[in-house]
Amino acid sequence: MNKFSLIGKKATRLGFGEALVQLGEENPDIVVLGADVTSSVLTSFFKERFPERFFSIGVAEQNATTIAVGLALSGKIPFFATYSVFAAFRNADQLRISVCYNNVNVKIGGGHSGITVGPDGATHQALEELSLLRTLPNMTVVVPCDYEETKKATVAISKIFGPSFLRFGRPPVAWFTREETPFSLGRAEIFREGKDVAIVACGLMVWEALLAAEELWKRRGISAKVVNNHTLKPIDVKTIVDSARECGAIVTAEEHQIHGGLGGAVAEVLAKNYPVPIEFVGMRDTFGGSGEPEELLEKYGMTWKEIYSSALRAIERKDRINTNHIYQNVKDVVPLANELNSK
Amino acid sequence: MEIQITFEPKIFENRRRKVEEFREIATVLRRDVIKSLFLAKSGHSGGSLGTSDIFAVLFFGGIMRYNPTNPNWKERDRFVLSAGHICPILYSTLARAGYFPVEELKTLRKLGSRLQGHPGIDMGLPGLETSSASLGQGVSIAVGMALSDKYLDKNNRRVFVITGDGELEEGSSWEAAMSAGHYKLDNLCWIVDNNNCQIDGRVHDVMNIYPIDKKFEAFNFNVITIDGHNYSEILTSFDKFIDNHTKSIGKPTVIIARTKMGFPISFMVDKYEWHGIPPNKEQALQALTELQ
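These protein sequence lines map, in sequence, to chains A and B.
Residues in the first sequence are numbered from 1 upward in steps of one, following this note's numbering.
Residues in the second sequence are numbered from 1 upward in steps of one, following this note's numbering.
Derived by calculation from the structure, the hints in this document are not laboratory data.
Some hints here could point you the wrong way.
[Said to hold, decoys possible] Calculated pairs, SDA-like style, for lysine to any residue (alpha carbon to alpha carbon, straight line, at most 20 Å): (1) B:K110 <-> B:Q4; (2) B:K184 <-> A:V59; (3) B:K154 <-> A:N27; (4) B:K184 <-> A:P51; (5) A:K47 <-> B:H182; (6) B:K154 <-> A:D29; (7) B:K184 <-> A:E52; (8) B:K240 <-> B:D77; (9) B:K215 <-> A:G58; (10) A:K47 <-> B:Y151; (11) B:K154 <-> A:P51; (12) A:K47 <-> B:D153; (13) B:K154 <-> A:K238; (14) B:K154 <-> A:F54; (15) B:K154 <-> A:E294; (16) A:K238 <-> A:E298.
[Unchecked claim] Here are some, though not all, of the chain A residues that point toward chain B, as calculated from beta-carbon distances under 7 Å: (17) I57; (18) V59; (19) A60; (20) Q62; (21) N63; (22) I67; (23) V69; (24) G70; (25) S74; (26) D93; (27) I97; (28) S98; (29) Y101; (30) T123; (31) H124; (32) T239.
[Claimed, not checked] Rough simulated footprint, nothing fancy, chain A against chain B, three-plus residues with beta-carbon under 8 Å: (33) 125-133; (34) 137-144; (35) 147-159; (36) 188-201.
Backbone N, C-alpha and C fix where the C-beta goes; we use that ideal spot for every residue, glycine too.
Given only the sequences and the hints, what does the whole structure look like? Please build it.
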């Protein structure tokens, strides 16, 4: 049984915009930079409430990101938000050197993320940025699952020191977590217990994962665990490895390319610690296109149905594998180390 | 002939000086640059030597306000080296100001050194305000600092930033200029090291950025063009900037300093080939002989 039920539909960007105002009330060091799309990513709420702490930089994402660095080096906590396609790629070099190498307290909000930005089409559908951000040293990367969690995540990244990226979206989506639902940066939450397969998801795919788990149980009697892995970096190795150990099969689900994002991160963790069959749900190495969010999620295979069929495939692969043979050829690494170290 | 590399333990005070005094300081800085680059066996000689006179006046002529015994002094002015590749001159300047032992200049570009090949604050070098080197970014960082000082902290601090002229080919440099003008950052002083040299040749051949002055004027800057090796002109231009800030003229200042790459070493002067290489033993000896 799902312990979560739908409260309603609400855009995650609202959570970001509202939380920023709350933060502004609490902390005079919170400042916000805009790149002309403040009414889209809802930094407009902050701008209206605290005009003296809002800086309009115009359509100049590289400059905005780097000005934020100068503000951070002056003791401020700058939030710069724009569309994810620009907030992560247009300014990639600035993020790498000025933000992450400097290890400054700059917070980047990536709005209008994923395929669900919809009719704007492929140019505006950020589906690759997590792979880039995840490889930057010092960067924290968070993809909250709904409106309520986006509020919590926005507050949470303001409380830690260091570069952070928060991803949120445009349209109203499933809102199902509550104020009392646990949330802690870097700790994946188990949203449903299960033993046959574990679905590790982030963003709006967490709700789809819960739907898939319910259908797997009702139709097939399969017990699927659902892990809300909102923090891609630093990733919660223990929860992922424990889930692989318990279930022996994993499905990752994200509104992002299957390469380099959550799926890639989970695969890295498991390849190193506890290899089990993994199936990946997400964009399959293509660009999107115009359409309504629901139509696009359906067309590009990012709904509970893909998670459902991927879970069946993962379980089938698990059953076929004699996991013992994986370890047969692993030699003792100690003699090898001795060999390499001897003159 | 063997070359003995030692760094004389000389520290300079930061105070108002007579124009004649700067030559000695700049010569010490240049000798440091030659020695540290020779020992490093790689690095950028041309711009480091060409800007030495500007560094001498800015840091030792009572222009910048800083305190080497308290590098994080809250009222200090800040310096950003946007053209991060010429960091040998910055390192020498910081050492001669007393931020760290001058002997440490020997470690430039070596494993574990605080004097990274391009400035990196992760190594904790006192006096270094930010990492830099991807061209065009330091000026935006400086704009952010000046914004914070002028509009949030409402203090009296100033921000100085040096870019190259080839660096102005980076589009984001002009984003920074646009925002500095827009926000009327009269507490920002942007120095352009205008030696007309970059790796591939003359700046006007690689990509013509001229006229520089008119571009900055269009972005609402107060523009001052000087001979970057004339101490009197350097000093006067900084005085003018400080005056502009004191009077709150509502415009950032840009000092376009006409310099010669490699100045004044006879075999380096105005040769763009010296952008990114160090002197070998014979060249180092020759340069040190000239720098007396």
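Against the structure, the hints:
1. B:K110 <-> B:Q4: holds (19 Å)
2. B:K184 <-> A:V59: Given pair B:K184, A:V59 holds - Cα atoms ~19 Å apart, limit 20 Å.
3. B:K154 <-> A:N27: holds (18 Å)
4. B:K184 <-> A:P51: holds (17 Å)
5. A:K47 <-> B:H182: Holds, at about 18 Å.
6. B:K154 <-> A:D29: holds (14 Å)
7. B:K184 <-> A:E52: Distance of about 15 Å is within 20 Å: holds.
8. B:K240 <-> B:D77: It holds: about 16 Å lies between the C-alpha atoms, which stays within 20 Å.
9. B:K215 <-> A:G58: holds (19 Å)
10. A:K47 <-> B:Y151: OK: A:K47 and B:Y151 at ~15 Å, within 20 Å.
11. B:K154 <-> A:P51: holds (16 Å)
12. A:K47 <-> B:D153: At roughly 18 Å apart (the allowed maximum being 20 Å), B:D153 and A:K47 satisfy the hint.
13. B:K154 <-> A:K238: Distance ~47 Å between B:K154 and A:K238 Cα, so the pair is violated.
14. B:K154 <-> A:F54: holds (15 Å)
15. B:K154 <-> A:E294: Violated, at roughly 49 Å.
16. A:K238 <-> A:E298: violated (32 Å)
17. I57: Hint on A:I57: holds, closest Cβ of chain B at ~6 Å, below 7 Å.
18. V59: Violated, because the Cβ-Cβ distance from A:V59 to chain B comes to roughly 9 Å (cut-off 7 Å).
19. A60: holds (4 Å)
20. Q62: Constraint on A:Q62 satisfied, holds at 4 Å.
21. N63: Constraint on A:N63 satisfied, holds at 4 Å.
22. I67: holds (4 Å)
23. V69: At 5 Å from the nearest chain B Cβ, A:V69 passes the 7 Å test, so the hint holds.
24. G70: holds (2 Å)
25. S74: holds (4 Å)
26. D93: holds (5 Å)
27. I97: Result: holds, 5 Å to nearest chain B Cβ.
28. S98: Status holds, d = 5 Å.
29. Y101: holds (5 Å)
30. T123: violated (20 Å)
31. H124: At about 21 Å, which exceeds the 7 Å cut-off, the nearest Cβ of chain B leaves the hint on A:H124 violated.
32. T239: violated (30 Å)
33. 125-133: This one holds; 5 residues, not fewer than the three required, reach chain A with a Cβ under 8 Å.
34. 137-144: holds (count 6)
35. 147-159: It holds, with 6 qualifying residues against the three required.
36. 188-201: Violated, because only 0 residues of the region 188-201 of chain B bring their Cβ atoms closer than 8 Å to Cβ atoms of chain A.
In summary, the structure is inconsistent with hints 13, 15, 16, 18, 30, 31, 32, 36 from the numbered list given earlier, while agreeing with the others.
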